[in-house]
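Starting from the structure of chain A, add chain B where the hints point.
Protein chains in written order, with the numbering used here: chain A, 1 to 115; chain B, 1 to 114.
These aren't lab readings, by the way, just hints derived from the structure by calculation. Don't take every hint at face value.
The list that follows gives simulated cross-link-like pairs (lysine-lysine, DSSO-like), each with its CA atoms no further than 27 Å apart [what the hints assert, rightly or not]:
#1 K24/A - K106/B
#2 K78/A - K24/A
#3 K68/B - K49/B
#4 K24/A - K49/B
#5 K78/A - K106/B
#6 K106/B - K49/B
#7 K49/B - K61/B
#8 K68/A - K24/A
#9 K106/B - K68/B
So the chains spell out like this:
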Amino acid sequence: DAGVIQSPRHEVTEMGQEVTLRCKPISGHNSLFWYRQTMMRGLELLIYFNNNVPIDDSGMPEDRFSAKMPNASFSTLKIQPSEPRDSAVYFCASTNPTRGNYGYTFGSGTRLTVV
Amino acid sequence: AQSVTQPDIHITVSEGASLELRCNYSYGATPYLFWYVQSPGQGLQLLLKYFSGDTLVQGIKGFEAEFKRSQSSFNLRKPSVHWSDAAEYFCAVGAASGNTPLVFGKGTRLSVIA
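So that you can see chain A by itself, here it is in the shape it has in the complex (with noise of 0.2 Å):
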């Protein structure tokens, strides 16, 4: 089992330009979950996705974020324009509930720094 699969591991970019973070959950998970991390703000739930569709994406901060599930294998959080304060460790996590609760397995994240 290869995990949660983000990319890219690093990303720098300057102010104003589109940003897009990619994720592969576990093949089977049909749940999948964006976070922020910041050291100000902790954890963060930006939007999650449930068999492909968008559940709850109160989190999402401000319009300039969008994120998509085309399919089961494969999703992306956008960030257009992108500011300096969206620089932050941005993780994805999967599960699958239809089993039950039993946690989320996280990928190793996406460092975006915004200059």
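Chain B only, in chain A's frame:
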């Protein structure tokens, strides 16, 4: 409201000493409880989980946690800490169904000194 409180932001222990990290939760239904560990530059890794039954659960890396319903607590323990245990530890609570997101605490950073 659902919430998880980890009262200690940072704890320092000596290598070989025992460890207890505190976690208190507020949850309206039967809680499913988790502890995660995050090493520097890494994602969160599941240490252990509690669903029901025996209130003392064993996890990986020699960790254990005890569920105390009367105190709404789920404290993490380890009898003898190793330098490699230095990391951030997160407690989380969720529903039995797993259909709603876990609620995470803000984490406790563990430093280990020689």
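Hint check:
| no. | hint | in the structure |
| --- | --- | --- |
| 1 | K24/A - K106/B | holds (26 Å) |
| 2 | K78/A - K24/A | holds (15 Å) |
| 3 | K68/B - K49/B | holds (14 Å) |
| 4 | K24/A - K49/B | holds (24 Å) |
| 5 | K78/A - K106/B | holds (25 Å) |
| 6 | K106/B - K49/B | holds (18 Å) |
| 7 | K49/B - K61/B | holds (14 Å) |
| 8 | K68/A - K24/A | holds (12 Å) |
| 9 | K106/B - K68/B | holds (20 Å) |
In this structure, none of the earlier numbered hints is contradicted; all agree with it.
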